[in-house]
Amino acid sequence: MKKTPSPKLPVLPLQLLIILLVGLYWQYGLVDTHLFSRPSLIEPRLVELWNGAVGLPPLWRQVAETLGATIAGLAAGILLGFLLGVVFAEFPLLRDASAPYLNAINAVPRVAWVPVLTMVFGFGLLTKVIMSGLIVFLVVFFNVLDAATHAPPLLLRNVVVLGGGRWASMRDVRMWAGLGALLASLPSAVALALVGVVFAESLAAESGLGALMFNAMHTGDARDLMISATLLALIGVVMTGSVQFLQRLLAARLPPDIAGDRHD
Amino acid sequence: MTPPTATMLGFPILLSGVRKIFNTHAGNSVVAIDDVSLEIEAGSFVVLVGPSGCGKSTLLNCVAGLDRVDAGRVTVNGQPVTDKVTPGISYLFQQDTLFPWYTVEKNIALGLRYAGLMDDAESQKRIDHLLEVVDLKGVRKAYPSELSGGMRRRVALCAALVMQPRVLLMDEPFSALDTFTKASIQQYLLKLWDELRPTVLFVTHDLEEAVTLADRVIVFSRRPAVIKDDLKVELPRPRNVYAVKDSPVFLSDYQRTWRALRDEFESEMPSP
Chain A
7 MKKTPSPKLP VLPLQLLIIL LVGLYWQYGL VDTHLFSRPS LIEPRLVELW NGAVGLPPLW
67 RQVAETLGAT IAGLAAGILL GFLLGVVFAE FPLLRDASAP YLNAINAVPR VAWVPVLTMV
127 FGFGLLTKVI MSGLIVFLVV FFNVLDAATH APPLLLRNVV VLGGGRWASM RDVRMWAGLG
187 ALLASLPSAV ALALVGVVFA ESLAAESGLG ALMFNAMHTG DARDLMISAT LLALIGVVMT
247 GSVQFLQRLL AARLPPDIAG DRHD
Chain B
765 MTPPTATMLG FPILLSGVRK IFNTHAGNSV VAIDDVSLEI EAGSFVVLVG PSGCGKSTLL
825 NCVAGLDRVD AGRVTVNGQP VTDKVTPGIS YLFQQDTLFP WYTVEKNIAL GLRYAGLMDD
885 AESQKRIDHL LEVVDLKGVR KAYPSELSGG MRRRVALCAA LVMQPRVLLM DEPFSALDTF
945 TKASIQQYLL KLWDELRPTV LFVTHDLEEA VTLADRVIVF SRRPAVIKDD LKVELPRPRN
1005 VYAVKDSPVF LSDYQRTWRA LRDEFESEMP SP
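Protein chains in written order, with this note's numbering: chain A, 7 to 270; chain B, 765 to 1036.
These aren't lab readings, by the way, just hints derived from the structure by calculation.
Glycine included, C-beta positions come from ideal geometry on N, C-alpha and C.
Quick partial rundown of chain A residues pointing at chain B, CB under 10 Å, derived from the structure:
{"hint": "1", "residue": "LEU160"}
{"hint": "2", "residue": "LEU168"}
{"hint": "3", "residue": "GLY170"}
{"hint": "4", "residue": "GLY171"}
{"hint": "5", "residue": "TRP182"}
Now the stretches of chain B that chain A is said to cover, found in silico as 3 or more residues with beta-carbon under 8 Å:
{"hint": "6", "segment": "847 to 858"}
{"hint": "7", "segment": "873 to 879"}
When you get a sec, could you build the whole thing from the sequences and use the hints?
Next comes the structure, spelled out in structure tokens:
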């Protein structure tokens, strides 16, 4: 597929223009400052939060905590989802026996896990990581399971004929079939990892951007609300960007058939 | 590669009274193979021809241990075939079975890896030798999707032969190739077969291919498959795949096979 060269130059200034206009309107336009605050009001509050306002951990630590929990949850969910997806595809008995329970877990609304996990793991970092890991796991696991179950039967038979066992089937066929599904589900996994962390933070945590946001909602502090929302958006953008970069990097190294770019 | 010795010769295969029944979705049972007995000499090249769906591939699967017979007996080298893959066999399927995520080299080495022979210097030599014989040395690091259909088949052939099988089962392996690509891979096959001398069971629809390659052509009837004819090909070896087509012996062998099979199709032939 040939890509038309994108006109790089006019896009960036336009993008900057949009943010500038929004910012200018926010500062000088008709805005309910109780609901939306203003950049000039937010700036001093940002400095205050950064250094640690009364009763709150410093903002940079909250950002670090949210980001750290997201990355940890993402990594754990992906790893576990991929491994179990491949293994369950190879052992149908295992898959069928656990299917009703896995489906039940999958059917429970994600938010409903927060109280349960908080009861068990407390109001700390662990709950957030597990919450985010659980959501990511469910997405990755079901996608990889499906792809690895439907791995090319001819190749699976060929493994048997060549003298390979279950380990060989997983390593030489199912894993690769699942890898494509994993790559494809990475962007949604990132988004969901962040969702999981913010869920956990807003419902049951003492620090983190989600907690800051929910506290702001309760106290009606538009400045804190704007700060935490903007920072979450930034984290989301940066993580999505890094994953897309990772995806491209992997796709370039993986053989053509997995990257979904067949030559024939 | 170790020069072929008498001990490397292929295994003899014996089928006696083999019967295979399939259960259809509708709940009927269909007799696919009925009372087939066949004695296949060690190291010979035997081609099975017959109408589509007559159970030739099933017969290969029964020899390979991928399918079990409903009655009768199959032995390879005197050992009865079990539910496990028969030791000493390699199987080249009709469909493309290369692993798209592995390079040519890794694809060929897979069986060796399973056998724990990968680090063997001898194994490396074998791979090098095979790639050399089939003229694929230049693409050993390429992925299957970067190769033509004919090249992919050659890689699959190497992957089957690298195990130095005593029995080579081939199920319409070249049916998707054009005439000239087919002729060239047939020549590669004969060359490699002559080095190792495994017993070959080769299923095809192509009578020209059957006569070109075989010591013996076995003609099956329609389902339920019984052996209709058993023809010895008189062409001398080693054979030049391109040159044999001009020989009068080829023509007469071809005609004999054609006549043996013709009756099976006569009923459904439209009148000219």
